[in-house]
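Student: Letter by letter, the chains look like this.
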Amino acid sequence: MWWKLLILVVMSVMIVYSFITPAPQKIIGEASRIFYYHIPQAWISVLAFAMSMIYSIRYLKKRSLSEDDKAAATAGLGFMFCLLATVTGAIFAKVTWGSFWNWDPRETSVFILLLIYGAYFALRGAISDDDKRAALSAVYAIFAFITVPFLIFVVPRIIPSLHPTDSIVDENMKFTMGATIRIIFFSSLIVFTAIYFWMFNLTKRALKIKRHLLNEDI
Amino acid sequence: MPPTSAGLATKCLTMLIKDLRLELRDKYALNAVLMFGITTLAVVSFSLGQSNLPPHLLGALFWIIMFFSAMSGLAHIFIREEDSGTALALRLSAPPDAVFIGKLLFNMILLTVLTLIITPLFFVFTNAPVSSLGSFIPILVLGVIGLCSATTLIAAIIARAAVKGALFAVLSFPIIIPLLLTLVLTTQKLFEGSGVSNVMTELQFLIAYMVVMIVGSLMLFKFVWTE
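Those sequence lines, one after another, are chains D and L. In this text, residue positions in the first sequence follow our numbering: the first is 1, and each later residue adds one. In this text, residue positions in the second sequence follow our numbering: the first is 1, and each later residue adds one.
If you're looking for bench data, these hints aren't it; they were derived computationally from the structure. Fair warning: there could be bad hints in the mix.
[Claimed, not checked] Below 25 Å or equal to it, Euclidean Cα-Cα: the simulated SDA-like pairs (lysine to any residue) are:
| # | chain 1 | residue 1 | chain 2 | residue 2 |
| --- | --- | --- | --- | --- |
| 1 | L | Lys27 | L | Gly7 |
| 2 | D | Lys61 | L | Arg91 |
| 3 | L | Lys222 | D | Ile20 |
| 4 | D | Lys61 | D | Lys4 |
| 5 | D | Lys132 | L | Gly216 |
| 6 | L | Lys164 | D | Ile112 |
| 7 | D | Lys132 | L | Lys27 |
| 8 | L | Lys222 | D | Asp129 |
| 9 | L | Lys27 | L | Arg80 |
| 10 | L | Lys164 | D | Lys208 |
| 11 | L | Lys164 | D | Ser128 |
| 12 | L | Lys27 | L | Pro120 |
| 13 | L | Lys164 | D | Phe145 |
| 14 | D | Lys132 | L | Ala87 |
| 15 | D | Lys62 | D | Phe145 |
| 16 | D | Lys132 | D | Phe153 |
| 17 | D | Lys62 | L | Leu218 |
| 18 | D | Lys94 | D | Lys4 |
| 19 | D | Lys4 | D | Val148 |
| 20 | D | Lys132 | L | Pro55 |
| 21 | D | Lys132 | L | Ser84 |
| 22 | D | Lys208 | D | Arg63 |
| 23 | L | Lys222 | D | Asp130 |
[Stated by the list, open to error] One side of the interface only, derived from the structure: several residues of chain D facing chain L at Cβ under 7 Å:
| # | residue |
| --- | --- |
| 24 | Phe19 |
| 25 | Ile112 |
| 26 | Leu115 |
| 27 | Ala119 |
| 28 | Ala122 |
| 29 | Ala126 |
| 30 | Val139 |
| 31 | Tyr140 |
| 32 | Ala144 |
| 33 | Thr147 |
| 34 | Phe150 |
| 35 | Leu151 |
| 36 | Ile152 |
| 37 | Val154 |
[As the list claims (entries may be wrong)] Residues on chain D that point at chain L, a partial pick, calculated with CB under 8 Å:
| # | residue |
| --- | --- |
| 38 | Met53 |
| 39 | Ile54 |
| 40 | Ser64 |
Computed from a predicted structure; not experimentally measured. The beta-carbon is built from N, C-alpha and C at its ideal position, and this holds for glycine as well.
Model the full structure from these sequences, guided by the hints.
Tutor: Okay, here's the thing in structure tokens:
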């Protein structure tokens, strides 16, 4: 229980400080405060999808439906955070680059991620048998994941990136951010990650209860 | 006992011959793919009218036609087994690897037939530069193999789902994007007059994609097939 209260306190302080401290980026100004929210969301979506992938592999090994429940739960959360990152990113892009959508490599890859997981949920919806759904969607998630290296190769050839690469660390892996900004950013990162695990835990338990009510062994 | 490589090759060939014989009986997949391809090509050609499109747009159009034609028929190979109730017998009588390779080869043959008919028609109907046809052939070959190697596993997946038709394109598209983008970029370069030596990196990319997709499919196929 205490850590939930801790999340509440840290999150509140983080939100307040993200608005009362000077803007993190001088040229962009006030709008750059979105960075405290946009990057943690993007990070959570990557983390959640990676977890989904791990649970998919574990399902194929162990054939236990609870692994599949976890894979689906974390994929759902990843999808939600991915949407949030896309929306905040689009707002940020409008302010800094002048249009909501530019097919920048990261925008392209986020779009493809949304497509993959959209397809993943479409597939899950189309199969009624539990074991069949678990196996087929796990296979699809893994198969889609192995195409990601190719995307990293091909997408930057279409349009050069507008994303800054030096906003967190520079070439020598030194932090480019000032101390205050760094503290707010990392506390935001940690608190968002904690919220993700909290939500994952809740979804996981809800699915477990659902299975229990349906009188199925897990 | 795992089958020896010679035994596996024979079984793959048996699978392929069985599927070809079935296909020649009703020609369902062939008709679907061919008619879809020709219809799309005609629509593209009509809507372009007399306008001379720049070569880089033609490359994109060509691969869009190819992608959707492939989507209309490549799933049939697995759907047929489920529909006719022969999947179970097949599962008992052949190892999963042989089933997969046999069906993959069948899809490649199907798509090759489509390409052999669509490509000349495409050059006739549009103002694509005929001089680039020679250097276009390796791209076509790798494109056909790549499309099949990425979609055959998806075909096996959707054959077991409730709604089959629409799901195939939805599931295949995110997987195919890197392939499709590279094919379009390469074709643009070729139509704009560069030779094969200028697109070596892209050719390597296409070969790598094909190998990874086939190996990944072979590893995952048994989970789809024997579930």
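Student: So, for every hint listed, does it hold in this structure?
Tutor: Hint by hint, here is what the structure shows:
1. L:Lys27 with L:Gly7: 29 Å, violated
2. D:Lys61 with L:Arg91: This hinted pair holds, its Cα atoms lying about 20 Å apart.
3. L:Lys222 with D:Ile20: Distance ~57 Å between L:Lys222 and D:Ile20 Cα, so the pair is violated.
4. D:Lys61 with D:Lys4: 34 Å, violated
5. D:Lys132 with L:Gly216: 20 Å, holds
6. L:Lys164 with D:Ile112: At roughly 22 Å apart (the allowed maximum being 25 Å), D:Ile112 and L:Lys164 satisfy the hint.
7. D:Lys132 with L:Lys27: At roughly 30 Å apart (the allowed maximum being 25 Å), L:Lys27 and D:Lys132 break the hint.
8. L:Lys222 with D:Asp129: 18 Å, holds
9. L:Lys27 with L:Arg80: 12 Å, holds
10. L:Lys164 with D:Lys208: 30 Å, violated
11. L:Lys164 with D:Ser128: Roughly 13 Å between the alpha carbons, so the hint for L:Lys164 and D:Ser128 holds.
12. L:Lys27 with L:Pro120: With Cα atoms ~22 Å apart, L:Lys27 and L:Pro120 stay inside 25 Å; holds.
13. L:Lys164 with D:Phe145: 22 Å, holds
14. D:Lys132 with L:Ala87: Holds: D:Lys132 and L:Ala87 sit about 15 Å apart, inside 25 Å.
15. D:Lys62 with D:Phe145: Given pair D:Lys62, D:Phe145 holds - Cα atoms ~20 Å apart, limit 25 Å.
16. D:Lys132 with D:Phe153: Cα-Cα ~34 Å, so violated.
17. D:Lys62 with L:Leu218: 20 Å, holds
18. D:Lys94 with D:Lys4: Not OK: D:Lys94 and D:Lys4 at ~35 Å, beyond 25 Å, violated.
19. D:Lys4 with D:Val148: 35 Å, violated
20. D:Lys132 with L:Pro55: Status violated; Cα separation ~46 Å.
21. D:Lys132 with L:Ser84: Roughly 19 Å separates the two Cα atoms, so the pair holds.
22. D:Lys208 with D:Arg63: This hinted pair holds, its Cα atoms lying about 16 Å apart.
23. L:Lys222 with D:Asp130: 18 Å, holds
24. Phe19: Check failed: Cβ of D:Phe19 comes no nearer than 38 Å to chain L, outside 7 Å.
25. Ile112: For D:Ile112, the interface hint holds, since the closest Cβ of chain L sits about 6 Å away, which is under 7 Å.
26. Leu115: With a minimum Cβ separation of about 4 Å from chain L (threshold 7 Å), the hint on D:Leu115 holds.
27. Ala119: 5 Å, holds
28. Ala122: Check passed: Cβ of D:Ala122 comes within 6 Å of chain L, closer than 7 Å.
29. Ala126: 4 Å, holds
30. Val139: 5 Å, holds
31. Tyr140: At 6 Å from the nearest chain L Cβ, D:Tyr140 passes the 7 Å test, so the hint holds.
32. Ala144: 6 Å, holds
33. Thr147: 5 Å, holds
34. Phe150: Holds. Min distance 4 Å.
35. Leu151: 5 Å, holds
36. Ile152: Nearest chain L Cβ about 9 Å off; hint violated.
37. Val154: 5 Å, holds
38. Met53: This hint is violated: D:Met53 lies away from chain L, its Cβ roughly 13 Å from the closest one there, beyond 8 Å.
39. Ile54: 16 Å, violated
40. Ser64: D:Ser64 check fails; min Cβ-Cβ to chain L is 14 Å, beyond 8 Å.
In this structure, the hints that do not hold are numbers 1, 3, 4, 7, 10, 16, 18, 19, 20, 24, 36, 38, 39, 40, in rising order.
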